[in-house]
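*Asks:* Its first residue numbered 27, the sequence shown is counted upward by one per residue in the numbering used here.
Between beta-carbon pairs, the in silico distance windows are:
no.	residue 1	residue 2	range
1	GLY327	ARG134	43 to 51 Å
2	ARG272	MET27	35 to 43 Å
3	GLY329	THR73	24 to 32 Å
4	ALA320	LEU147	34 to 42 Å
5	ARG66	GLY144	17 to 25 Å
6	ALA339	LEU32	20 to 28 Å
7	ASP39	ALA320	24 to 32 Å
8	ARG66	ALA338	49 to 57 Å
9	VAL55	ALA343	24 to 32 Å
10	ARG314	PHE113	20 to 28 Å
Think of the hints as simulated: they come from the structure by calculation, not from any bench. In this text, a Cβ means the ideal position worked out from N, Cα and C, and glycines have one as well.
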Amino acid sequence: MTLRELGEFGFLDRLATGLRAPRDVEVGVGDDCAVVRSGRRRWLLTTDTMIEGVHFRLGWDTADGLGRKAFAVNASDVAAMGGEARFALLSVAVPNRTSAAELERFHRGFVRAAGAAGCALVGGNLSAAPQWMITVTLVGETEYPPLTRAGAKPGDRIYVSGTLGGAAFARSLLLAGRRPPPSVSRPWRRPTPRLALGRMLAARALASAAIDLSDGLIQDLGHVCRASGVGAEVEASRVPLAAAVRTQRPGRRLALGFAGGEDYELLFTVPRARLARLDRTARVSGRRVPRLTAIGEIVSGAGVSVLDDRGAAVEIAGGFDHYRR
Numbered sequence: 027m028t029l030r031e032l033g034e035f036g037f038l039d040r041l042a043t044g045l046r047a048p049r050d051v052e053v054g055v056g057d058d059c060a061v062v063r064s065g066r067r068r069w070l071l072t073t074d075t076m077i078e079g080v081h082f083r084l085g086w087d088t089a090d091g092l093g094r095k096a097f098a099v100n101a102s103d104v105a106a107m108g109g110e111a112r113f114a115l116l117s118v119a120v121p122n123r124t125s126a127a128e129l130e131r132f133h134r135g136f137v138r139a140a141g142a143a144g145c146a147l148v149g150g151n152l153s154a155a156p157q158w159m160i161t162v163t164l165v166g167e168t169e170y171p172p173l174t175r176a177g178a179k180p181g182d183r184i185y186v187s188g189t190l191g192g193a194a195f196a197r198s199l200l201l202a203g204r205r206p207p208p209s210v211s212r213p214w215r216r217p218t219p220r221l222a223l224g225r226m227l228a229a230r231a232l233a234s235a236a237i238d239l240s241d242g243l244i245q246d247l248g249h250v251c252r253a254s255g256v257g258a259e260v261e262a263s264r265v266p267l268a269a270a271v272r273t274q275r276p277g278r279r280l281a282l283g284f285a286g287g288e289d290y291e292l293l294f295t296v297p298r299a300r301l302a303r304l305d306r307t308a309r310v311s312g313r314r315v316p317r318l319t320a321i322g323e324i325v326s327g328a329g330v331s332v333l334d335d336r337g338a339a340v341e342i343a344g345g346f347d348h349y350r351r
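Build the full structure now, drawing on both the sequences and the hints.
*Replies:* Structure (structure tokens):
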């Protein structure tokens, strides 16, 4: 069986089969971060790679902006677990024709974004390669029980932060050779890791499960459902779409907002008994917390159903898969 047939997540499931975590690993393979205990401290560990021609193309953004995004997409995993980013390792491979100034600008962008989040770059690696390849390893920390993909129960409400689809829309324009205005391209170029929101949800024990939206709403919610052993019903009209996405035809709106990916917002589930507390906490937090929207409910069963205003199922293709693109 080829990777195209098996798919990215099918292959990862095969790799995870039979892995046994030692006692100091609280959360192992299969979540946004691994969680390792050391004494009284919980460390959150995550790593990710961005490759030229797969995740970005040179010219779509400045080198500084690419550095900022490299940090943000990794910090989003830490946010999904309710942690704070502490330390970073940065491995960069670039062609030898790359100018030193461009690589320095990339480095400065990464360091500035990390510093703004309270994270320090403490090491890494530099290598030659045919194209840009950026690998980031983040070490986060949380003093609270971490949020995970498991824990959602039937009756829990499903929430998302911010708006969805804007990054996918901007990426589609860039792939078509069009230069979107900054207001349209910003969701793709400058994702915001929702670290403050994740910490709030963990510190107040508000969420029963959480994940960051990197591969599309339907696919990532599906990960929560599988980890929690539940199903989900999403009300299509409630999903908050980016302004540029709302102007598109209905089918394209659904594809961008539900399966486009790269939103890096948080999706989380909240038991009904905690809904009023979530509302109060969000109001007190003010601008530190983005817009939160209830989009559906966790149900018994399996899989994700998207329903229109009449309660009829809406068919939407799945999200991003590296081997089934």
